[in-house]
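Colleague: With the hints as constraints, model all of the structure from the sequences given.
Each protein sequence line maps, in turn, to chains W and R.
If you want my numbering, it's the 1-based position in the first sequence plus 28.
If you want my numbering, it's the 1-based position in the second sequence plus 28.
You may find that some hints are simply not true.
Any copy will do: because identical chains look the same in the list, a pair fits if it lies in one copy or spans two.
[As the list claims (entries may be wrong)] With a straight-line cut-off of 25 Å between C-alpha atoms, the simulated SDA-like cross-links for lysine to any residue are: (1) K220 / S177; (2) K244 / L225; (3) K248 / S217; (4) K244 / K265; (5) K227 / S217.
Because the hints were derived from the structure by calculation, they are not lab data.
Computed from a prediction, not measured in an experiment: that's the story for all the values here.
Protein chains: 2
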Amino acid sequence: MATLINGKELADNMQSDFTLETAALKKQGITPGLVVLLVGEDKASQTYVKNKELAATKIGIHSEVARYSETISEEELLSEIEKYNQDAAFHGILVQLPLPKHINEEKVLLAIKPEKDVDGFHPMNLGKLFAGVPDRIPCTPYGIMKMFSAYDISLEGKNALVIGRSNIVGKPMAHLLLAENATVTIAHSKTKDLPALAKQADILVVAIGRGHFVTKEFVKEGAVVIDVGMNRDEQGKLIGDVKFDEVEPIASYITPVPRGVGPMTITMLMAQTIEAAKEQ
Amino acid sequence: MATLINGKELADNMQSDFTLETAALKKQGITPGLVVLLVGEDKASQTYVKNKELAATKIGIHSEVARYSETISEEELLSEIEKYNQDAAFHGILVQLPLPKHINEEKVLLAIKPEKDVDGFHPMNLGKLFAGVPDRIPCTPYGIMKMFSAYDISLEGKNALVIGRSNIVGKPMAHLLLAENATVTIAHSKTKDLPALAKQADILVVAIGRGHFVTKEFVKEGAVVIDVGMNRDEQGKLIGDVKFDEVEPIASYITPVPRGVGPMTITMLMAQTIEAAKEQ
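Modeller: Okay, structure coming up:
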């Protein structure tokens with residue numbers, strides 16, 4: 029029986045601390061501010077943005093959602109970002125992804141001032157993470173690192189496998205694990221014999237975006253299993269990338285979905301917004 | 029018996045092409061320019077700088093070495109860099125590392141204009157490599173990728189192990205291999221049971237800086253072995269990180285030391301200087 033890593037509880041505790049911290053900052057005349065730029069009507073994006081707004085408001089962060097039509101031009105969006113770069117009321121700027129196809133995502137991320145890039149997606153912030161001098165860090169892997177430390181899970185010398193190589197989860201996760209002296213492998217869709225590879229891992233981070241992909245055949249007895257997946261099954265129920273019921277008896281620690289990694293991602297976004305406010 | 033990857037020959041061929049390319053650029057009124065900033069009297073650094081100068085001159089790149097005393101202040105060095113950032117005659121700026129302890133290396137690298145950072149060490153360039161949109165790339169791993177392609181060594185789906193996690197070799201190497209769909213592991217001094225791990229690798233890149241560290245116990249039959257090491261043995265002879273005589277009979281491809289990775293590193297520096305000249 030694995031110990032459940034309760035992301036929801038950890039997130040709630042951290043957010044309570046942030047509420048006190050924000051109140052103290054306000055007394056010094058600093059109100060942390062976050063603006064979320066939302067383009068179009070994508071339903072999932074709307075939900076994510078709403079959750080971010082709720083968390084910010086609860087903590088006392090001033091938050092605004094700037095909404096734009098699906099047809100906004102890249103140029104207009106870039107000039108909106110520049111406006112918020114200059115606006116001292118906002119310490120954090122977040123552009124909700126994905127963007128419509130006619131807008132170059134890379135250009136948009138590059139336009140955000142690195143100090144205000146609370147999502148940690150700007151190449152300068154990725155480069156600092158790469159170089160071992162992290163500043164803003166992508167929120168999902170950052171939240172996972174907080175889980176490891178909250179549950180005293182040691183990483184040094186452990187074999188860690190990250191399944192998935194996105195810029196916002198897999199790759200930054202690999203760098204963070206490496207910085208803690210884990211031996212890190214990144215696997216992906218082109219990896220051969222993934223179950224056998226996964227079975228060697230002491231630490232398994234799954235961010236592949238396929239519901240119930242990781243079965244007990246992938247998991248070594250006593251492994252730590254972190255599930256980044258957020259998929260819907262045929263009944264519309266939220267499920268992870270890991271077949272929880274099968275894997276839980278084998279693992280030493282495991283995150284559930286929901287109430288696992290998800291709440292920590294939003295929490296780290298808030299942490300970095302407060303951090304940015306303190307720095308600016 | 030392994031096929032020898034002849035880095036020297038490949039480098040010579042590439043440099044011959046660059047000589048023609050530079051001549052053609054000069055006809056258009058563009059002379060690629062490279063300035064190397066050298067602080068202090070470190071003997072190894074002097075040799076490296078001299079080799080870079082020789083290669084540049086041979087190719088027709090205008091090169092200058094700016095020499096500074098060991099006691100130069102960080103501020104003075106930064107203002108020298110700024111001078112070269114502004115100087116249109118130099119398309120590439122390279123600060124020879126290591127720097128004296130009183131100078132913050134990170135600050136110095138950050139001061140170079142990313143377009144002129146022909147070494148590929150600026151966080152912005154590392155971040156672009158991370159994000160999968162590489163611009164300037166650290167020269168050693170870039171040169172190794174050219175070797176793979178020159179010898180038609182396929183990487184997709186292969187298990188690649190990089191031993192060493194420096195910002196200038198190990199980490200960028202991992203990203204480049206990942207971009208070619210290898211399954212990539214990064215090992216280092218804290219890795220447990222390295223020989224067993226290495227023995228699973230189809231592609232082995234060794235950049236650990238310890239002479240003859242990798243013996244036949246580390247190498248799978250038919251593996252591709254790339255040796256980044258440049259060490260001196262007790263007799264002062266240049267040796268690699270790999271015990272060549274032992275490993276060569278097992279490997280399918282192997283790089284020698286000298287005449288392996290080394291010449292390719294300088295070649296990619298020249299490539300990126302010409303590239304920068306064409307862009308600017």
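Colleague: Take the hints in turn and mark each one as holding or not.
Modeller: Each hint, compared with the structure:
1. K220 / S177: between (32 Å within a copy, 21 Å between copies)
2. K244 / L225: both (13 Å within a copy, 23 Å between copies)
3. K248 / S217: Close inside one copy (21 Å) and across copies (24 Å); limit 25 Å.
4. K244 / K265: within (21 Å within a copy, 52 Å between copies)
5. K227 / S217: This pair counts as both: shortest intra-copy Cα distance 17 Å, inter-copy 23 Å.
When each numbered hint is compared with the structure, no violation occurs for any of them.
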